[in-house]
Amino acid sequence: MKTPGSSNIYYGWFIVATTFFVIMVTMGARNGVGVFVLPMSEEFGWNRSIISFAGALGILVNGISQPFLGNTYDKIGGRKLILTGVLAIGLMVTLLSLTFHFLYFLLIFGVFMAIAMSAGSITTGAVLVSKWFQRKRSTAIAISSAGASIGGLVLVPFTTYLIILIDWRLTWVVLGLMIFLLVFPVAFFMLRNDPAELGLLPDGDLAPEEGAAKRPQRAAGPLEVEEWRHAFRSLPMWQLCATYFVCGFTTLIMAFHFVPNAVESGFSPKTAATAFGLLSAMNTIGVLLVGPLADRWGNKNLLGFVYAFRAMGYVSLLLLPGQWGLWIFAVVGGSSWIATVPLTTALTADLYGLKRVGTLSGMVFLSHQIGGSIGIQFGGIMRDITGSYDIPFAIAGVLLVLASITSFTIRERRYSTRYQPSHPAPAPANS
Amino acid sequence: MEWIKDRMDAVFGLGPEAMVAIFGLMVLAIPVAILAAYALQRRRG
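These protein sequence lines map, in sequence, to chains X and G.
Read in order, the letters of the first sequence are residues 827 to 1257 in the numbering used here.
Read in order, the letters of the second sequence are residues 24 to 68 in the numbering used here.
With the rest of the complex left out, here is chain G (with noise of 0.2 Å):
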């Protein structure tokens, strides 16, 4: 799976940092929005 990396690098030249936090935020958003709208449509009855 090294290629992913690869083209990771090739595409956007980030560091890992930055990398880590684009990757962790996109698994942390699957949740939130799932209990987000799911507290929406409660409170919209």
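Here chain X stands alone, though its shape is the one from the complex (with noise of 0.2 Å):
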């Protein structure tokens, strides 16, 4: 019987299509929950901060399961937990239907579902890509994670049709069976933990002489650890978790305050709207452009210009007059949204190696959440203060010029696997 292995198109590439398909459709339907918020109000009275509540305790909860849940990867491997995952993702879509308290909504939603989420979407999905790849991980990474963007733009109009057409607790069971039999069954029987299962070399390598196959010789960085606290000890991961501090603070303030500060800066509300839009639809051009220029000119320098592309998003916002800075901003701050996750998580792989990955991505996604959730309250907080978002946009580009000098200051040719002497050089793919 032939293994996969075999197969023209290297496995790697299987894993990449599927995780995009698993990220797509659990990040699509939690993301859908916008749609779901005027029905849920009517139903049940409650206010816009409520719900808002549910959603910020959800950033929290996923960003403090995530280290946990990243080390339990590293311990069973992503093909459990992330297929585990989607199950607990399904179960929570289908039991939010049956919603009948403010209590019990936030329990599912902002509690389980974000652990599930943890388990089950990008973080994990990006995870498993890197140990498919070495030389074209950011490339993999940024396709597999594009599953986000664009699981909003396909997942939230399905949504929005399917409740006018029948009520919000059946379209919740809809996405339920969606997760459990579309996501499950491609996932059980695609995902696979790395291509040493199916004796292959990352990226499709050949194998450099008979039998090698079966143990992969991958060149080892100075970095590299065997248990995750080891790597605080250095500065890189420092400044990857200070830098995706900055990109959670950046992004979520946005999600959060973009359409209000547009709307109280004279501008209609469906201007805002489309504004935001166009915002998200860049997402996933933006995120796919990076990965394969990171592999051509490596991970740091890319991960500085985009923030340093994302601070320009936020002058424009300030000081362009007019529409130009709102519609400025929607393209080059909706560009930048997403492409740093396949560059930090391929970083946090080639500085750190793949024991720990599962882990130390999880520290660095906590770190974006903790800045999400500052970033969300700090903009609410200072906007009543001051009447405006001058003063918190402000702060919000000056991080970003910090996180830009902090990311090209990381020593990724000296410390990241790609860069080390002893990578032995690979033999073409056989595709």
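Hints in this document: simulated from the structure, not taken from any laboratory.
Idealized CB from N, CA, C, for every residue including glycine.
Be a bit skeptical, because a hint or two may be false.
What the hints assert, rightly or not - Here are the in silico distance ranges between beta carbons for each label pair:
1. A56/G to I876/X: 39 to 45 Å
2. R65/G to L1032/X: 16 to 22 Å
3. P39/G to V863/X: 17 to 23 Å
4. V34/G to I1217/X: 53 to 59 Å
5. A56/G to S875/X: 39 to 45 Å
6. L996/X to V34/G: 24 to 30 Å
7. I1217/X to I45/G: 24 to 30 Å
8. L51/G to L1146/X: 39 to 45 Å
As the list claims (entries may be wrong) - One side of the interface only, derived from the structure: several residues of chain X facing chain G at Cβ under 10 Å:
9. I835
10. T844
11. F847
12. P983
13. I990
14. A1099
Join these two chains into a complex; the hints should help.
Structure, rendered in structure tokens:
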């Protein structure tokens, strides 16, 4: 019986496609909660701040649980964890159809679903993909992560129309069934922990000699760790956490305050919503562009450029007159939105190796979510105190400049696995 | 996200049933394509 490794397309690309689909549907179902706000608010008499609280709690729980589930990933492997996570997400989505009280919604959406997302969605998906690639790692993670933005573009309108056709309760059930009947089977059938499981080498390289495929050799970097704690003894780990903190701060502050700021600046709600829609659509283009560029020019340089680019978006929003600032921010800010995900995950794997990459990516993601929570609260508080968003947005711009400088100073060539001289010259792939 | 629905209505002018079918097929096409590509590869050897 032929193994998947004998096919023309390297099996890692099937892993990329499968994680793309997992991320697309799970993130799409979760982010589609915005569509449910109106019908659920009408039925239960909830106000927006109550639902926002559930969303904010979900962000924090998602961040706090990620290192623990990352640690579980490192112990039991990605396949088991992602499959369990997908089942749990499907169950939570289905249970949302039975919502009868706000506390029930808070518990299911804000706590259990957030934990399930830490197990079976974008971070663990990116970590799994990182195990299958070395030279093309950023490209592969970028394609996989693009599922997050495509999920919003496809699942959100799908959900919107479905609520019009049937009620919101049945729509949750349909989304749950979609996860159980489409996502879980394809993930169960296709996901594998790493290339060695199929006797393959990362990137689809051919084994240099007979029998070597059973034990793939990989160049070790000077910072590779056996225990995740040891990573915090080196500067790059702190640099990654600090820059991802800024990423969370500067994206989630906008996710919550972009439209209110635009409306208060004199734009119609429709213009503001359209600009935010453009921003969301630009995610896909940005994330797909950075992957191949990073594999060619290095992750930290692209990461520094992405943060600088986003800073320019904030400067445009604050300084340019009329609609220019709004639209330029939508394009510039939007294209940098998810672009940091593949760069940061790939850099973490490249610098610290694959043994503890689940836990380490979880720690870095935790700093992202803490930054996001602070950004959301800080934006709201400063708006109430000063009457505008100018100060929090200016601070976001300054933080981005610092994040850009910090990224450029990461010593990737010295520490990254992909630049180690002991890395064996790879033979061409059989495709 | 109401803007997406407004734009879709303006561009396609289709009813909710047709739009649900279109988006549903888009979602369904991905796992089908993955499994079909894999099956084809295995058959070709």
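Cross-check of the supplied hints:
no.	hint	in the structure
1	A56/G to I876/X: 39 to 45 Å	holds (41 Å)
2	R65/G to L1032/X: 16 to 22 Å	holds (19 Å)
3	P39/G to V863/X: 17 to 23 Å	holds (19 Å)
4	V34/G to I1217/X: 53 to 59 Å	violated (39 Å)
5	A56/G to S875/X: 39 to 45 Å	holds (42 Å)
6	L996/X to V34/G: 24 to 30 Å	holds (27 Å)
7	I1217/X to I45/G: 24 to 30 Å	violated (44 Å)
8	L51/G to L1146/X: 39 to 45 Å	holds (43 Å)
9	I835	holds (6 Å)
10	T844	holds (6 Å)
11	F847	holds (5 Å)
12	P983	holds (5 Å)
13	I990	holds (5 Å)
14	A1099	holds (4 Å)
Checked against the numbered hints above, the structure violates hints 4 and 7; every other hint is satisfied.
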